[in-house]
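> One-letter residues, chain by chain:
Number of protein chains: 4
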Amino acid sequence: MEKRVRVLIDCQDNKGLVYQISKVFYDRDLNIENNREFVDKEQSKFFMRTVVTGDFNVDELRDALKKVIPLSANLQVIEPRRKKIIILATKESHALGDILIRHEAGELDADIVAVVANHKTLESLVNRFDIPFFHISANGISREEHEEEVMKVVNRYGFDYMVLAKYMRILTPNFVSTYSKKIINIHHSFLPAFIGANPYKQAHQRGVKIIGATAHFVTDDLDEGPIIAQDVIPVNHRLEWKDMQKAGRDVEKIVLSRALNLVLNDRVFINGNRTIVF
Amino acid sequence: MEKRVRVLIDCQDNKGLVYQISKVFYDRDLNIENNREFVDKEQSKFFMRTVVTGDFNVDELRDALKKVIPLSANLQVIEPRRKKIIILATKESHALGDILIRHEAGELDADIVAVVANHKTLESLVNRFDIPFFHISANGISREEHEEEVMKVVNRYGFDYMVLAKYMRILTPNFVSTYSKKIINIHHSFLPAFIGANPYKQAHQRGVKIIGATAHFVTDDLDEGPIIAQDVIPVNHRLEWKDMQKAGRDVEKIVLSRALNLVLNDRVFINGNRTIVF
Amino acid sequence: MEKRVRVLIDCQDNKGLVYQISKVFYDRDLNIENNREFVDKEQSKFFMRTVVTGDFNVDELRDALKKVIPLSANLQVIEPRRKKIIILATKESHALGDILIRHEAGELDADIVAVVANHKTLESLVNRFDIPFFHISANGISREEHEEEVMKVVNRYGFDYMVLAKYMRILTPNFVSTYSKKIINIHHSFLPAFIGANPYKQAHQRGVKIIGATAHFVTDDLDEGPIIAQDVIPVNHRLEWKDMQKAGRDVEKIVLSRALNLVLNDRVFINGNRTIVF
Amino acid sequence: MEKRVRVLIDCQDNKGLVYQISKVFYDRDLNIENNREFVDKEQSKFFMRTVVTGDFNVDELRDALKKVIPLSANLQVIEPRRKKIIILATKESHALGDILIRHEAGELDADIVAVVANHKTLESLVNRFDIPFFHISANGISREEHEEEVMKVVNRYGFDYMVLAKYMRILTPNFVSTYSKKIINIHHSFLPAFIGANPYKQAHQRGVKIIGATAHFVTDDLDEGPIIAQDVIPVNHRLEWKDMQKAGRDVEKIVLSRALNLVLNDRVFINGNRTIVF
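Chains as they are written, first to last, in the numbering used here: chain A, 1 to 278; chain B, 1 to 278; chain C, 1 to 278; chain D, 1 to 278.
Derived from the structure by calculation, the hints contain no laboratory data.
All C-beta atoms in this analysis are idealised placements derived from N, C-alpha and C, irrespective of residue type, glycine included.
Hints may be right or wrong, so weigh each one.
What the hints assert, rightly or not - List time: in silico EDC-like cross-link candidates among lysine to aspartate or glutamate, alpha-carbon distance up to 16 Å:
1. Lys45(C) / Glu240(B)
2. Lys41(C) / Asp10(C)
3. Lys41(B) / Asp13(B)
4. Lys41(D) / Asp243(A)
5. Lys242(C) / Glu42(A)
6. Lys83(A) / Glu107(A)
7. Lys91(B) / Glu104(D)
8. Lys41(D) / Asp243(C)
9. Lys242(D) / Glu107(B)
10. Lys15(A) / Asp29(B)
11. Lys242(D) / Glu149(A)
12. Lys45(B) / Glu33(A)
13. Lys67(C) / Glu123(C)
14. Lys91(C) / Glu104(A)
15. Lys41(B) / Asp243(C)
16. Lys182(B) / Asp220(B)
17. Lys91(D) / Glu107(B)
18. Lys41(C) / Glu240(B)
19. Lys15(D) / Asp55(C)
20. Lys15(B) / Asp55(A)
Claimed, not checked - Looking from chain B toward chain C, a few residues come up when the C-beta cut is under 10 Å (computed):
21. Asn139
22. Phe190
23. Pro192
Input sequences plus hints: build the corresponding full structure.
In C-alpha cells:
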C-alpha cells in the first residue's frame, strides 16, 4: 500500500552518508519526492530531510536507516498526521487571531486544542471559534504557582507545539525545560536587537529606520533561543513608538505563522543555538 | 592528488538517480562538499549541483557518471578555472563601474577581457582600470553591420559570458543565437512589468509603489529570457521618473552583479524559460 | 470646545497657497498637529493634509478656507467619525479574516456593516463575528442581474468604502461608476505584471524570483485603477504555483489591510491614475 | 536674478510657525519648490526643510526668517554649492569604490578631496581615479599620534563631511568632537544588534535570518550615533560568516552611499540621538 513519510536525519557527517541512505531508499524501490541536505562544516554535522513514497513497512525502513547512520544520530521517520498545538496568549489578539483564521481555513496542518491566557481579554474571540479557552490569572500567586496551573491544563490536552502568541510572561527554566524544543515564541523585535521589555520603545529611542520580529524556540535565556524566522519593515521619524508597535503587529503575526508552518511541516532542525530550515 | 570539481547534472528524473550518482562518488572515495538537488515534478526533470573533492581522474569520473544517468542528460564536470567575461555598455556607468570595482578587488571569479560600447562616454572610466575599451559607433550603419563589428571584437577575445551592463541596443536574433545562453542582461524594471523602453517613465505613469530590476539570460524575445535574479525598492509619489531612475540604479547594479556571480559559480540551470538557482 | 479636524485640499498649485491656508489656521488660533504637502510639478497640482485642533466652528473654517483656495479646489474638512465598510468576497478567507480580526480588536476606524459573497463558503466564518452575511449566487443569472442584487444589499446598508477581499468577479462599468472612488480591491500580483486571471500561475510560468500584491481603487479598466499600496516576497524555483498562491496570501491580506487603514484615515488622494499617500 | 536656496529650520515648536515662515516667503514673492515639516511632539521640536526660488537677497531672507523663529532656533539658508568630502578607509574596497564610481559619474553633489588610509592596499585603486591618497600607518605609534597625523592631512584639505568607508579603527573622543556631526560611518550590522567587532561572526553564531548595515553619524559612543539609513538582506543556514560578510558588502556600500547623498542634499536633521530624514 502506497505510503509517504518524512525522513529526518541529524548526525555527525561521514563520507558516504548520502550514498548509504539513498541505497536504503533504492533497495526498497522508494520514490524521493523531495530532498534537502546540509552539512555544517564547522561542526561537521549532517542534516537531511527527505520525503519518500512507496509501498513499504515504516518500522523496517527505520531499522534499515539506523544501520547505515551513526549510532548517535537523530532519526525520525514521520508518518503524516495532524499535529496538536496549544496557544498561550495575554491580551493582544493579532497573533492569536491570525492563527485562528488559518486554522479555520484549514491552512494549518494542526488542531488548536486550547488557548490559555493570563487575562480574560481574548476569551470572546476564542469562543467565536469554539475552541476551549482557559483564563488562568497570575494575580496574587507566584510565578511557579501560576505555571503549575498552566501545566495542568496543557498536560491534560497534550500537544506537539506550544505557541506563545504574544504571551507577555517570562517562563521559568523549569517550565521551559519541561517542554524543551516544543515552545515557539514571537519576539517583537529584530533579535538580538532590543532584547527584553518594550522593544518598540527601545527602537524608537534608538532611532532605527527598520523594525522587525523574530520567531524562535524558547530556551532558558530570555529571547536567546534558536531563531526560526525573522522579517522587517521600514520605519521613519514620523512614527512614535505606539505607531511602531501598531505597524510591527503585521510583521509579528506573519513571522509567527510562517515559523509555525515550518515546524508543523517538520522543516526545522535545531543546531545548537541556530536552526536549519529546509 | 587532491582535486575539486563541480558536477552539474540536468536530466529526465528517474528513480534511483541520487543513489546511482552518490554510488559513483562513494566508490571513488570522494568527499561531497556541497550538494543541491531539485526535481521539477511538472516536467519530471532532475537538477543536481554537487561539489566533490578527492584524489580522482576527472575524465574517468565523467565517464562513470555518464553510465548511470540518461543518455540525453546534460552533464558537466567542471574543474575550477577563472572564466572570461566581456562587457557591452552604452553611456551609463553604474552597472559597469560596479563590475569593474569587484573585478579590481578580486571579488569576481572572472577576468574582464574587454568592454565594448556604442558610445565613447565610458572610455575614460574603463581606461582607468587598464581594460581594453572598444568604441563601436552605431551611427550611419545598419543593426546588422554594427553587430558584425561587435562580433569581430568579442570573438577575437573569446568569453564565457557576455554581460550587457545597461547596453541600450536591441540585439538581433542572429546575434542572440550565436551566443545562446551566454548573454546576461539587466533590465531596469521588475519584469514582466514594463517591458520595453523607459520602464521608469512607465512605472511613474502607472503610479507604482515599488520599482525593481531583473537580471536574465537574453533570448530572442525582448526582455523575455529566463530570470536569474530580481530585487525591488519602495518608491512613493514624491519621486518623479528621473528620481526613480536614479534610485533604480542601485538595484540594477546589485542585481546584475549578483546574477553574474551566480553564473560564474555555475549555480544557474536554465529550465525552459525559467532558472534553477542553487 | 476643543475640536480636531482633518483638512484635505487638492487643487491647482498657486504661489502663496501655504501662506494663505496657514493664515486661516493662525487667525483662528488653531494648532497644527500634523501637516503633509506635495506639489505634483508636472501637473502643477497641490495636495495638502493637515490635522488641526482648537476651539472653532467647522463650517466657518471651511468657508474661510474656500476663500483662499481656487474655486475648482477639492476641499474636505472632516470631523472624526467611524466610517462604514462593506466587504465583498468569494471563497478565500484570508483577506476577509484579517479584516474581521482587526475589526474585532478595534484596530480599524470603521464598522463592517455586512459581508456579501457569491458563494456560501465564508458564511460560517462571518457568522462567528455576528456580522450580517449575504449569499448572492451568480448562478444562472446575468452579470447585470447579479450586480443588481448586490447593489440592493449594499445600498440598504450604505457605506463609505466597499472592500473587495478577494472577490473573484469582474465588475461592470456601471457598478464601478456607481461607487466611484469608493471601491478598494486587492490584486494578487505586483501590478502591472500579471493582469487578469491566475497571476500566480502566470508568475510561475514566467519564472519570476519575487511575487507581490497590489491594493488599488477600482476603475473601469480591469486591474488598472490608482495603486494605494504594494508589497512583495521572494520566491524561488522550489515553489510550484500553488505554493506561490499560498505564500502570496500573506502579502495580499497585509497589503489590503494597510491600504484600507490608509483610506479610513483619509490619507490617500487620487491624482489621475496615481495616488498621493500621506 | 533667479536664485534657489534650501532653508533648514530646527527649533522649539510654536503655534503659528508655519504661518510666520510662509509669510516671509510670500512677502518676497518666493516660490516653494519643495516643503517638508515634522513636529516631534514628545520633545515639542519643529523641523522644516524648504526649497524656495525667486529673485531675492539671501542675507535679507535670513534676517527676516530669524525675526519670526525662536532665538534659539537653528537656521540655515543654504545656497547650492558642491560640498567637499574626505574619505577614510582601511583595506576593503567596496564602499570606497562605490563612492569613487558615483563621483566619477557626477552622481554625487560633492568633490572627493582625498582618501586617507591606515594601509596601502587601496592606493592603486584611488590612484586610478587621480584622487590624492595618503597612507598613514598606525604601526608603532599611539592612537593619539596616529590621529594627529590624520588630522594634519584632513585639515589641510578641509571638508564638509568625513566618510568612514569601512575605516576599521576606533576614533578617540577628541577626534570625534573635533569634527562633530561631520563624520559618517557605515557599520556592518543592523544596529543596535552586533555592536563592536566582527558583527558577521556574531550574526552567524546567533543564527539570524537577516543581516544588515547601518549608516550613522559618529559620536563618542561606539556605534551609537544617530542613524541615517539602514537596510537588510535575508540569509540562511547555508551561509558561513565569510559568506555573510561577502553578501553584506552590497548592503554596506548602498546604505553608505544613500546616507551620503542624503547629507549632501541637506536632508538630514540630527534630533538628539535620532535623525529626521526628509
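> Does each hint hold? Answer for all of them.
Structure-based check of each hint:
1. Proximity of Lys45(C) to Glu240(B) is assessed by CA-CA distance (about 14 Å); at most 16 Å being required, the pair is judged to hold.
2. The hinted pair formed by Lys41(C) and Asp10(C) meets the criterion: a straight-line CA distance of about 13 Å does not exceed 16 Å.
3. Distance hint between Lys41(B) and Asp13(B) is fulfilled; the C-alpha atoms sit about 8 Å from each other, no more than 16 Å.
4. For a cut-off of 16 Å, the pair hint linking Lys41(D) to Asp243(A) stands: about 13 Å separates their Cα positions.
5. A distance of roughly 37 Å separates the Cα atoms of Lys242(C) and Glu42(A); the hinted pair therefore is violated under the 16 Å criterion.
6. A C-alpha spacing of about 13 Å is found between Lys83(A) and Glu107(A), which places the hinted pair at or below 16 Å, so the restraint holds.
7. As the CA atoms of Lys91(B) and Glu104(D) are separated by approximately 13 Å, the hinted pair is consistent with the 16 Å bound.
8. Under the criterion of a C-alpha separation no larger than 16 Å, the hint pairing Lys41(D) with Asp243(C) is inconsistent with the structure, at around 45 Å.
9. A distance of roughly 13 Å separates the Cα atoms of Lys242(D) and Glu107(B); the hinted pair therefore holds under the 16 Å criterion.
10. Of the supplied pair hints, the one linking Lys15(A) and Asp29(B) holds, its CA atoms being roughly 8 Å apart against a limit of 16 Å.
11. For the suggested pair Lys242(D) and Glu149(A), the alpha carbons sit about 47 Å apart, so the restraint of at most 16 Å is broken.
12. Note on Lys45(B) and Glu33(A): the hinted pairing holds, with a Cα-Cα distance of about 12 Å set against a maximum of 16 Å.
13. Taking the CA atoms of Lys67(C) and Glu123(C), the gap is near 51 Å; set against the 16 Å cutoff, the hint is violated.
14. As the CA atoms of Lys91(C) and Glu104(A) are separated by approximately 13 Å, the hinted pair is consistent with the 16 Å bound.
15. In summary, the hint linking Lys41(B) to Asp243(C) is supported, as the alpha carbons are separated by about 13 Å, within the 16 Å threshold.
16. With a C-alpha separation of about 13 Å, the suggested pairing of Lys182(B) with Asp220(B) holds against the 16 Å cut-off.
17. Between Lys91(D) and Glu107(B) the alpha-carbon distance is near 14 Å, which keeps this suggested pair within the 16 Å criterion.
18. Restraint check for Lys41(C) and Glu240(B): the C-alpha separation of about 9 Å stays at or below 16 Å, so the hint holds.
19. This hinted pair checks out: Lys15(D) and Asp55(C) have alpha carbons roughly 14 Å apart, not beyond 16 Å.
20. Distance check on the hinted pair: Lys15(B) and Asp55(A) sit about 14 Å apart at the alpha-carbon level, within 16 Å; holds.
21. This hint is violated: Asn139(B) has a C-beta 33 Å from the nearest C-beta of chain C, more than the 10 Å allowed.
22. Satisfaction of the interface hint for Phe190(B) is found here, the shortest Cβ-Cβ separation to chain C being roughly 6 Å, below the 10 Å cut-off.
23. For Pro192(B), the interface hint holds, the least distance from its beta-carbon to any beta-carbon of chain C being 5 Å, beneath 10 Å.
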